[in-house]
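Make the full structure from the sequences, and use the hints.
8 protein chains.
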Amino acid sequence: MLSAVEQGTVSINDAVSKLRHLPFEDLGFAKIDHHRGVRCGIPEVIYCEGKTIDQVVQIFSARMQTGGNVLGTRADVKVAEAIQAVHPKTEYNALGRTVTLRQQEAKPSKGTIAIVAAGTSDLPVAEEAKATAEIMDQRTATFYDVGVAGLHRLLSQSEAIQQAAVVIVTAGMEGALASVVGGLVSVPVIAVPTSVGYGASFGGIAPLLTMLNSCAAGVSVVNIDNGFNAGYIATLINRASDRTE
Amino acid sequence: MLSAVEQGTVSINDAVSKLRHLPFEDLGFAKIDHHRGVRCGIPEVIYCEGKTIDQVVQIFSARMQTGGNVLGTRADVKVAEAIQAVHPKTEYNALGRTVTLRQQEAKPSKGTIAIVAAGTSDLPVAEEAKATAEIMDQRTATFYDVGVAGLHRLLSQSEAIQQAAVVIVTAGMEGALASVVGGLVSVPVIAVPTSVGYGASFGGIAPLLTMLNSCAAGVSVVNIDNGFNAGYIATLINRASDRTE
Amino acid sequence: MLSAVEQGTVSINDAVSKLRHLPFEDLGFAKIDHHRGVRCGIPEVIYCEGKTIDQVVQIFSARMQTGGNVLGTRADVKVAEAIQAVHPKTEYNALGRTVTLRQQEAKPSKGTIAIVAAGTSDLPVAEEAKATAEIMDQRTATFYDVGVAGLHRLLSQSEAIQQAAVVIVTAGMEGALASVVGGLVSVPVIAVPTSVGYGASFGGIAPLLTMLNSCAAGVSVVNIDNGFNAGYIATLINRASDRTE
Amino acid sequence: MLSAVEQGTVSINDAVSKLRHLPFEDLGFAKIDHHRGVRCGIPEVIYCEGKTIDQVVQIFSARMQTGGNVLGTRADVKVAEAIQAVHPKTEYNALGRTVTLRQQEAKPSKGTIAIVAAGTSDLPVAEEAKATAEIMDQRTATFYDVGVAGLHRLLSQSEAIQQAAVVIVTAGMEGALASVVGGLVSVPVIAVPTSVGYGASFGGIAPLLTMLNSCAAGVSVVNIDNGFNAGYIATLINRASDRTE
Amino acid sequence: MLSAVEQGTVSINDAVSKLRHLPFEDLGFAKIDHHRGVRCGIPEVIYCEGKTIDQVVQIFSARMQTGGNVLGTRADVKVAEAIQAVHPKTEYNALGRTVTLRQQEAKPSKGTIAIVAAGTSDLPVAEEAKATAEIMDQRTATFYDVGVAGLHRLLSQSEAIQQAAVVIVTAGMEGALASVVGGLVSVPVIAVPTSVGYGASFGGIAPLLTMLNSCAAGVSVVNIDNGFNAGYIATLINRASDRTE
Amino acid sequence: MLSAVEQGTVSINDAVSKLRHLPFEDLGFAKIDHHRGVRCGIPEVIYCEGKTIDQVVQIFSARMQTGGNVLGTRADVKVAEAIQAVHPKTEYNALGRTVTLRQQEAKPSKGTIAIVAAGTSDLPVAEEAKATAEIMDQRTATFYDVGVAGLHRLLSQSEAIQQAAVVIVTAGMEGALASVVGGLVSVPVIAVPTSVGYGASFGGIAPLLTMLNSCAAGVSVVNIDNGFNAGYIATLINRASDRTE
Amino acid sequence: MLSAVEQGTVSINDAVSKLRHLPFEDLGFAKIDHHRGVRCGIPEVIYCEGKTIDQVVQIFSARMQTGGNVLGTRADVKVAEAIQAVHPKTEYNALGRTVTLRQQEAKPSKGTIAIVAAGTSDLPVAEEAKATAEIMDQRTATFYDVGVAGLHRLLSQSEAIQQAAVVIVTAGMEGALASVVGGLVSVPVIAVPTSVGYGASFGGIAPLLTMLNSCAAGVSVVNIDNGFNAGYIATLINRASDRTE
Amino acid sequence: MLSAVEQGTVSINDAVSKLRHLPFEDLGFAKIDHHRGVRCGIPEVIYCEGKTIDQVVQIFSARMQTGGNVLGTRADVKVAEAIQAVHPKTEYNALGRTVTLRQQEAKPSKGTIAIVAAGTSDLPVAEEAKATAEIMDQRTATFYDVGVAGLHRLLSQSEAIQQAAVVIVTAGMEGALASVVGGLVSVPVIAVPTSVGYGASFGGIAPLLTMLNSCAAGVSVVNIDNGFNAGYIATLINRASDRTE
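Chains as they are written, first to last, in the numbering used here: chain A, 1 to 245; chain B, 1 to 245; chain C, 1 to 245; chain D, 1 to 245; chain E, 1 to 245; chain F, 1 to 245; chain G, 1 to 245; chain H, 1 to 245.
Hints in this document: simulated from the structure, not taken from any laboratory.
Where is the CB? At the ideal position from N, CA and C, for every residue including glycine.
You can trust all of the hints, since none of them are fake.
Computed spacing ranges between beta-carbons, pair by pair:
{"#": "1", "chain 1": "A", "residue 1": "E159", "chain 2": "B", "residue 2": "Q55", "range": "56 to 64 Å"}
{"#": "2", "chain 1": "E", "residue 1": "P88", "chain 2": "C", "residue 2": "E105", "range": "50 to 58 Å"}
{"#": "3", "chain 1": "C", "residue 1": "E159", "chain 2": "E", "residue 2": "P88", "range": "44 to 52 Å"}
{"#": "4", "chain 1": "C", "residue 1": "A141", "chain 2": "F", "residue 2": "V77", "range": "51 to 59 Å"}
{"#": "5", "chain 1": "G", "residue 1": "E81", "chain 2": "H", "residue 2": "V86", "range": "35 to 43 Å"}
{"#": "6", "chain 1": "H", "residue 1": "G67", "chain 2": "C", "residue 2": "G67", "range": "56 to 64 Å"}
{"#": "7", "chain 1": "B", "residue 1": "K107", "chain 2": "C", "residue 2": "E91", "range": "39 to 47 Å"}
Here you go:
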């Protein structure tokens with residue numbers, strides 16, 4: 001645009017005006033930002049919790065207009081049904097509480113994201129990560145219920161996990177799984193503490209601290225229960241590694 | 001004594017008086033309690049930190065009078081040398097900061113206490129536990145530097161660890177080792193969080209929470225850095241199991 | 001199995017395959033591990049909280065197949081009734097919220113586990129510990145409502161408590177009971193902080209800290225409200241001591 | 001003064017002026033308030049920590065001018081010696097770190113304040129309470145090293161403790177002593193958590209929470225290590241009760 | 001009893017037996033302790049929260065048998081109505097959530113307990129303290145809605161507050177009232193933090209810390225929302241001071 | 001009044017009496033303070049949460065009597081409707097949960113208060129601030145959904161924000177917006193952390209700490225979710241600056 | 001600059017280059033930003049703590065070049081002397097640990113900033129605020145040692161405090177002073193918690209929470225011990241109000 | 001090895017023995033693990049803090065034997081000099097406290113790791129990350145002193161930052177920089193909270209929470225001050241992306 005100004009094809013006022021109003025659309029209560037998706041091949045994302053069903057449906061419909069894929073996270077079954085009533089092609093992952101609409105043809109990644117979960121109760125977070133990665137065209141492989149108290153379950157899968165280009169580990173209670181997996185692989189590990197547990201688990205603080213203090217180098221951490229961010233980061237990493245294989 | 005009172009051999013006043021002054025000896029600033037050792041074969045214990053060298057030496061000498069073994073914990077090298085100057089038979093474990101004096105003939109236990117430490121920095125606590133157990137006549141076997149980031153180091157020792165009658169696990173940073181060991185053995189595990197670590201380790205809170213939330217049943221926890229208590233509890237457990245083998 | 005491979009009776013591929021799939025059974029959303037029970041005489045355990053009634057019933061039925069005893073913890077009355085509808089021989093401890101099914105003949109322990117509770121509100125946790133110990137064939141003796149504010153209530157029972165081979169102490173509010181009991185006995189004490197209390201009790205943090213800092217040696221701690229783990233550890237300890245009496 | 005104004009003997013301006021400057025004396029960096037002592041028979045108090053030796057000596061000298069007793073708390077030995085060099089009649093309690101100067105004739109209270117301390121390390125706080133109470137003319141009786149891990153030591157003194165009009169309990173580590181004493185007596189108990197302990201004691205938070213959650217009614221709490229306030233409150237209570245005996 | 005044993009009028013076995021069963025009555029799930037009330041003129045107290053209506057009514061009826069006054073705290077309106085249906089003479093303080101039954105003739109104290117509350121939302125705690133004190137025969141005077149943001153409201157009452165023999169201060173939010181009142185009076189102040197407030201009040205932690213750190217000597221603190229204990233302690237203090245006026 | 005006393009037109013007793021009873025009105029359960037509003041042009045404010053609908057309506061009616069504007073905060077829709085049924089001229093801001101009644105003619109400020117909100121979920125707090133400022137006659141300009149993750153949205157508005165005389169920033173999650181805005185403007189910034197977020201946001205602690213530690217000078221902070229106080233402070237600041245433009 | 005580009009007087013490359021290097025100067029380890037001072041009449045500020053003496057002197061010299069006033073905060077006496085050796089005109093406030101150099105003629109504000117401090121130990125923070133405000137040309141008035149425990153000291157000054165255009169309150173321990181002052185004045189109050197105190201003061205957390213939860217509207221809070229920011233904000237506020245008087 | 005066993009070239013006993021002793025070397029107090037470096041091209045790493053100078057030199061020498069590069073972290077100047085005395089080719093980064101020895105020929109990565117630091121005080125952590133990445137053959141580009149309070153400094157560099165394949169952000173105080181950078185780039189961001197700051201920064205907790213709660217997707221977090229882990233993770237990510245460019 002600076003070039004356009006220099007050449008006189010765009011006046012300064014217009015340039016300033018455009019810069020101010022674009023690349024997002026101001027819908028009054030929210031500024032819809034089409035910028036990132038256009039630039040990066042990232043889906044439109046809606047965090048559904050704390051919004052009314054009507055609001056979610058409205059935003060979902062608006063976001064579809066870009067023609068990109070759409071992802072709704074933290075969507076309970078009522079929200080999902082309301083969206084599906086209007087947009088029947090959406091898919092609902094009840095465990096991961098995600099609603100997805102694929103509008104772009106899939107170009108599956110070559111590399112794989114391993115998603116490892118300590119216990120059955122960690123599956124909602126693991127599935128949120130999985131749905132996020134998949135709507136971004138990633139191959140995933142899941143390794144569930146392999147907590148460290150029964151190490152043979154994990155070890156029997158370790159060779160398969162070592163094939164992955166990046167690993168997501170979700171664990172609640174004491175969160176020790178991230179350290180153990182971190183020691184088994186040579187690729188980046190994204191650790192997600194979950195709020196599973198009771199007593200001195202403190203809604204996820206215990207596994208959060210465990211993971212931050214992991215003695216295995218290569219482990220970074222996202223917020224408690226934030227499967228979406230883990231799936232998103234793993235995708236960014238895998239896209240890079242994918243190109244080479 | 002109630003019997004003695006009934007038979008008239010002890011007057012009420014004398015009985016009350018004795019009850020008040022026994023079985024501990026009032027030294028003004030401290031009440032020396034010979035009761036427990038007599039009853040349970042427990043050594044005289046002195047927590048040296050926060051006492052002057054003179055005080056420690058005085059108390060050490062006083063405790064020796066019972067004829068039992070004596071254990072000083074948290075003793076730095078100056079304290080140790082001051083005691084050894086007076087009582088040359090005492091032994092100093094510089095790593096575990098313990099001073100011990102054996103006055104009772106050793107009757108080594110049959111069963112073994114395994115002492116497992118995640119990293120080199122956890123050794124002071126592990127050694128404190130070891131010295132405590134040994135002055136109480138326990139056989140011990142140590143497994144050091146077997147943290148979960150290099151799982152093969154631990155697994156190569158797992159068979160040996162499984163021989164133990166009770167296991168002590170000391171770990172700082174994220175403390176995941178307790179859960180992994182807890183899953184490998186079928187005997188009680190005493191977990192000791194250590195204040196080793198930095199950042200969000202918070203002086204041992206991170207491994208403390210990890211261990212309390214361990215997904216492996218059979219793990220109980222003692223205070224941060226409290227190797228003495230771990231060795232003490234392990235001994236109580238092993239004494240019972242020892243009789244049968 | 002290594003031997004079998006050497007002798008050629010098992011091919012490498014088969015060996016790897018078996019190692020991967022055994023000794024647990026992969027039911028998709030959970031890996032049922034029959035390993036521990038077979039090895040250690042430990043019951044099948046189901047943590048019911050956070051699972052649907054249908055899920056619990058399904059898992060309960062699956063676990064029964066091993067022929068071992070089955071223990072469901074944190075089971076509310078609806079869960080219990082649903083299980084009993086299918087398996088009428090199960091017993092429900094409404095206070096401790098446990099469902100138990102005995103399939104193995106009982107071999108009562110000789111030694112006894114003392115279960116000491118500070119107040120009436122601590123009974124659910126105490127009863128969970130009791131049910132856990134009993135399904136693992138332990139004799140138990142309960143000492144309820146003996147909080148330290150009325151010390152004579154505790155002291156009148158102290159001789160009986162001293163008979164036990166191991167002691168479980170459950171207490172909320174300030175949790176001082178563990179220290180007092182720890183000073184009265186010469187056997188291991190397992191302390192369970194409970195979330196009973198209000199104000200600055202912080203859901204069990206106050207008694208947790210109290211117990212971790214206990215001035216009485218011999219006290220180790222499990223997670224807040226974790227009666228199951230206390231009962232489990234006490235059983236491991238008592239099994240050893242039991243053999244000798 | 002309102003009367004004086006009405007009668008015209010004091011002008012409004014003077015009245016306002018006096019109100020502004022009295023009953024305290026403005027020394028620039030501090031306002032010396034002689035009000036309370038005059039009204040209540042309370043000594044002049046100086047908190048020495050964080051002040052230079054010169055400052056302490058200056059303030060001490062200034063406060064003496066009122067003719068009341070003077071109490072300096074948190075005074076290390078250098079501070080004490082500097083004061084004594086100028087005012088040889090002051091007394092130093094090295095354990096409690098208090099400097100006292102008695103200028104008023106003592107009128108010993110009839111009732112007694114019992115000061116109970118769990119361990120040797122709690123003595124500095126206990127002695128600070130004692131010195132505070134004594135400079136305010138209270139009789140005190142000390143019961144030291146009676147922690148709950150050796151209950152017989154406490155019980156042997158319980159009758160004597162029950163004679164007191166008010167009880168101060170100082171305890172670190174887990175602080176359980178306050179609850180036990182609270183259950184033994186029928187008078188107010190002032191509990192002082194001390195920063196003694198290590199690991200999860202957190203500089204006194206553990207005993208603070210223990211004491212706040214005490215299951216024994218009648219226990220109130222002051223700040224960590226605040227022996228001065230405990231002694232002060234106990235004096236206020238005892239003064240009232242003292243008049244009647 | 002020792003005397004009786006010496007004289008032979010009571011056998012040892014009987015003595016031991018009595019000591020074990022008295023002075024409390026073992027009702028299975030609770031040990032009813034009539035000891036304290038008999039000794040100290042203290043009412044029977046029932047903490048109703050967390051008990052079923054039936055349990056409360058049963059216990060209330062049992063406690064009445066001693067002939068002493070009865071106090072139920074944390075009683076919601078349904079509990080109160082259930083008790084009143086059986087015992088019509090009980091009185092209900094809906095604001096303070098207390099149920100009281102007076103069976104002993106009142107002997108009003110001479111001295112007065114001032115109960116000071118910062119805001120309207122602190123009244124439930126203040127009224128619990130008031131009901132507790134009154135069933136123990138104390139005169140009370142209330143000073144409500146005198147928070148420090150409108151200092152003139154407090155100052156207009158300060159002379160009246162200064163008449164009291166002991167002062168209870170209840171305050172939530174920042175809890176500054178305790179310090180200000182502590183500076184106005186020369187008698188003991190019992191501070192009760194309340195869980196009133198939002199944001200960084202953290203359920204009462206903010207005023208709790210404020211009160212513990214009060215710069216005014218003479219202030220001690222009880223647990224968050226614990227109006228009962230404040231009323232109880234104030235009564236113990238006032239009883240002493242009352243005898244003299 | 002001192003003058004009146006001097007001149008004899010008011011007796012001392014009357015003066016004292018008036019001082020005690022004024023300028024607030026004692027309604028038993030609350031002291032209605034008309035003092036501040038009269039003095040400062042501040043509206044009557046009612047915090048509705050935790051009060052019954054009847055109580056709120058009663059207080060609202062009482063406060064109207066002063067003839068000043070009235071503001072009810074934290075009013076849900078039922079409360080609002082109950083007030084409107086009685087006082088139809090009141091207006092309800094459903095998003096900000098405020099009820100306002102304007103009885104004084106508006107004198108709009110010249111300067112403007114900018115209200116900046118990071119995300120849609122922060123709007124309730126932003127709107128509470130806005131309603132507070134507006135009932136106090138302030139011009140406001142809102143800049144919503146300009147969180148730092150899409151910096152261009154904020155930067156496109158920065159010139160407009162720089163026009164304001166004072167800026168309010170509301171943000172949850174990590175609260176970084178306050179620092180960024182603080183760096184863009186040269187006027188005071190009032191930061192309001194909101195309890196929006198999940199995981200390690202801890203109900204607003206994360207943005208509270210972020211804002212307190214802001215590297216941009218000029219940022220001060222109010223309590224979590226306290227839009228009212230932010231609007232109130234911004235008004236006090238703007239009133240001063242307004243006079244000059 | 002956009003205009004310059006349009007007119008062709010500046011090439012795009014040059015423009016981009018300038019934008020990158022201006023308005024700050026890149027000194028390698030720090031980017032000296034002359035932007036703010038130029039725009040707002042703000043002094044150059046150096047936070048001295050954690051820098052070597054040489055570094056501070058170098059930066060101080062560099063900042064002087066702008067010709068504006070210079071303020072160094074957290075400067076201990078050695079740092080101050082090193083600066084004064086090079087720049088003899090700098091002034092050192094030993095209590096507030098500030099070094100100031102005035103290069104611009106002072107234009108004293110008409111309005112006054114009141115700086116109120118609870119105790120002598122809060123003076124360093126109060127003086128830091130004072131020095132900050134004064135180098136920015138503000139009139140200040142100090143009210144020291146007026147903590148709420150001796151309310152008459154504060155009240156005797158309240159009329160004078162009410163003259164100020166903005167008030168800074170510094171207080172440690174329980175921090176109640178901010179609420180009391182907030183109730184006395186009708187102008188913005190900036191509260192600064194100080195790390196003064198011991199026990200449960202937790203390095204300033206107690207007064208921080210107190211101030212955040214202040215029941216007096218109009219109080220906002222800055223970071224613990226951050227006298228600089230308080231002085232800075234107060235100046236921003238006063239500048240606006242000053243223009244009108 | 002299983003193959004070797006099947007073919008009979010390795011006996012079972014030998015296999016078991018090798019498995020137990022390899023691929024790590026047991027030096028008594030530490031198990032040197034050459035496994036990872038061999039497999040992944042990772043340098044030998046020594047965490048120097050908490051070790052004696054002699055220990056560090058010994059370990060450094062031992063690790064050199066593998067022929068790989070060696071990295072010592074948290075090395076103060078004395079440690080560095082001691083190593084250099086023995087191994088003159090080592091290089092010391094005084095700011096980042098790293099000692100490095102390059103023994104493998106460098107193969108510089110094509111992609112670049114951007115290292116962004118908020119303030120001068122964050123440089124030690126940033127430099128630790130840089131040294132870690134560089135000894136692992138990564139190109140790095142540093143962007144220092146670009147904190148969000150002066151946004152133009154960051155924005156002037158944003159194009160350059162956007163060239164990187166992965167970005168490391170180090171920030172103390174409030175840590176807002178990670179969110180802002182996260183919004184500017186489309187590659188993974190590794191955020192490192194630093195312990196820089198004072199007051200309510202709590203040794204890095206404030207920026208840690210900020211970063212965990214970042215509203216910008218794509219940001220993951222490592223432990224406070226853990227520049228090494230950030231550099232290590234960034235390298236793992238960049239290696240993958242590097243292959244493709």
